[in-house]
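J.: Residues per chain are reported as follows:
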Amino acid sequence: MAETQYRRLTRPHRRKSGFVAVTYVRSSLWLGNDHLLAIDSNGYSESYKRFYFQDIQMIAIRLTRRRLIWNWVLTVPIAMWLLGLAYELVVRRNPDVVGLAIAILWTLIPGVPLLLNNLLGPTCACTVRTAVQTEDLPSLCRLPKTRRILNLLRPLIAQAQGQLAPEEIPARLQAWTQAPVSAPTAAESEPRSVIDDPNVPPKIIP
Amino acid sequence: MSLLLPSCPGCGAALGEGMFNRLDLTPCPACGVPVQVEIFPALFRPPARGRGGEAVIVEGESSCFYHPQKKAVVPCDGCGRFLCALCDCELRGEHFCPACLEVGRQKGRIKRLENQRTLYDAIALSLAILPLLIFYFTVITAPIALYLAIRYWNAPLSIVRRTKVRLVLAILLATLQILGWGVGAYFLFTRIKPHG
Chain A
1 MAETQYRRLT
11 RPHRRKSGFV
21 AVTYVRSSLW
31 LGNDHLLAID
41 SNGYSESYKR
51 FYFQDIQMIA
61 IRLTRRRLIW
71 NWVLTVPIAM
81 WLLGLAYELV
91 VRRNPDVVGL
101 AIAILWTLIP
111 GVPLLLNNLL
121 GPTCACTVRT
131 AVQTEDLPSL
141 CRLPKTRRIL
151 NLLRPLIAQA
161 QGQLAPEEIP
171 ARLQAWTQAP
181 VSAPTAAESE
191 PRSVIDDPNV
201 PPKIIP
Chain B
207 MSLLLPSCPG
217 CGAALGEGMF
227 NRLDLTPCPA
237 CGVPVQVEIF
247 PALFRPPARG
257 RGGEAVIVEG
267 ESSCFYHPQK
277 KAVVPCDGCG
287 RFLCALCDCE
297 LRGEHFCPAC
307 LEVGRQKGRI
317 KRLENQRTLY
327 DAIALSLAIL
337 PLLIFYFTVI
347 TAPIALYLAI
357 RYWNAPLSIV
367 RRTKVRLVLA
377 ILLATLQILG
387 WGVGAYFLFT
397 RIKPHG
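Those sequence lines, one after another, are chains A and B.
Position 42 of the first sequence, counting from 1, maps to 42 under the numbering used here, and the rest follow consecutively.
Position 95 of the second sequence, counting from 1, maps to 301 under the numbering used here, and the rest follow consecutively.
Hint data in this document are derived by calculation from the structure and do not stem from the laboratory.
Given the structure is predicted, the values throughout are model-derived calculations rather than measurements.
Using N, Cα and C, we set each Cβ at its ideal position, and we do this for glycine too.
Be careful, since some hints might not be right.
[Unchecked claim] Computed footprint of chain A on chain B, listed as stretches where at least three residues anywhere in the stretch have a Cβ under 8 Å from a Cβ of chain A: (1) 238-247; (2) 321-334.
[Claimed, not checked] Some chain A residues close to chain B (C-beta under 8 Å, calculated; not the full set): (3) Y24; (4) S47; (5) Q57; (6) A60; (7) I149; (8) L152; (9) P155; (10) L156; (11) Q159; (12) T177.
Using the sequences and the hints given, assemble the complete structure.
T.: Right, here's the structure in full:
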């Protein structure tokens, strides 16, 4: 059987695995014919999670404060270097060309990531939910990129599941939450088969 | 699981009806974090119920291989055995018996069930490159890298596009290291003259 052709949606991004990570796992997202493929890789092995378009129930995006935190982390050293530079130029009035060049270089080191951090847009966290799992997608960590991918996925999911008009959502949610949980009938409640081992066919109880 | 109401991905609080499928971020009523939640028709789909299989009524009717008293409904796409509704495991339009499903998953024959791969090309290349930092280790690691690259030449690489360039590089580097050790050993033994 030929392997599915995948199209890359995101570059690998670190998956957080606790405060102190023992392994460095990077997660990326790929688009298949009828599913979304999330790959977690540690460089020597890969694990795959497939989210079929017809099974996706919900995609949720939540804004995070990571961009703000990084802005502070990167701005503090820049401010310190600029203060030092101002002291050298204004108070001591001793502009040294080599010293000036070094100071500018040291300012650029956190300056470029600071610029990139803001050019990439707000940070976010994205989760996808199916009937059996709710999974984080760490590679969807910037809002503009996440929205771009969501716009790409929306028609594919609609093609597999059908369209859900915004005006029918309240009625369907209400009907769904108020639907009584059907009690099993006498025939259904009787055990008709048992599974001793998940790898062999079930045994039928007469 | 399917009956869980869509909730805020941050605090887990249930979200109001007006918060779904909006094209902009809306603050969560509980935690205030801006969220955007898209729901799809699969959310309202009732969970699929298992089927029990019908009993064979007419004599001579084909029956399930595993349950002779049950009527066969479909042949297994893996082994061809007749299966009743209870044994039929449908996987995106294909029908398998539980045994074929398990074997297919273990041996990687059913690609849709494959959920892990070892990247032998990356292991071989790392073994060929990283020990160069402390060169003496290459006397052990170079043969291992060469063995891995040859042994797993035909093993599947990553599920997404990937070439064999890592394996080729690993073979080249490991061969060079082995040759280097060989030449070194040759000069060492030919230059050392026995005393007396």
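J.: Hey, does the L156 of chain A contact hint survive, CB to chain B under 8 Å?
T.: Check failed: Cβ of L156 of chain A comes no nearer than 11 Å to chain B, outside 8 Å.
J.: Would you check chain A against the stretch 238-247 of chain B, counting CB to CB pairs closer than 8 Å, and say if three or more residues qualify?
T.: Since three or more residues must qualify, the claim that chain A covers the stretch 238-247 of chain B holds, with 9 doing so at under 8 Å.
J.: Given Y24 of chain A as an interface hint, is the shortest Cβ-Cβ distance to chain B below 8 Å?
T.: 14 Å, violated
J.: Is the interface hint satisfied for Q57 of chain A? The criterion is a beta-carbon contact with chain B at less than 8 Å.
T.: Hint holds; Q57 of chain A Cβ to chain B Cβ min 4 Å, cut 8 Å.
J.: Go through the hint on L152 of chain A and say holds or violated, using the shortest Cβ distance to chain B against 8 Å.
T.: 13 Å, violated
J.: Would the hint on A60 of chain A be counted as holding, given a Cβ-Cβ threshold of 8 Å to chain B?
T.: Nearest chain B Cβ about 4 Å off; hint holds.
J.: Measuring from the C-beta of T177 of chain A to each C-beta in chain B, is the shortest one below 8 Å?
T.: T177 of chain A check passes; min Cβ-Cβ to chain B is 7 Å, inside 8 Å.
J.: Is the hint on S47 of chain A kept, meaning its closest Cβ partner in chain B is under 8 Å away?
T.: Since the shortest Cβ distance to chain B is 5 Å, the answer is holds.
J.: Would you check whether Q159 of chain A satisfies its interface hint, that is, whether its CB is within less than 8 Å of any CB in chain B?
T.: 11 Å, violated
J.: May I ask you to test the interface hint for P155 of chain A with respect to chain B, counting a Cβ-Cβ separation under 8 Å as satisfied?
T.: Since the shortest Cβ distance to chain B is 12 Å, the answer is violated.
J.: Apply the coverage criterion to the stretch 321-334 of chain B and chain A: a residue qualifies when its Cβ sits closer than 8 Å to a Cβ of the chain, and three qualifying residues are needed.
T.: Holds, because 8 residues of the stretch 321-334 of chain B bring their Cβ atoms closer than 8 Å to Cβ atoms of chain A.
J.: Is the hint on I149 of chain A kept, meaning its closest Cβ partner in chain B is under 8 Å away?
T.: With a closest approach of 12 Å, the I149 of chain A hint is violated.
Taken one by one, the earlier hints fail for this structure at numbers 3, 7, 8, 9, 10 and 11, listed in ascending order.
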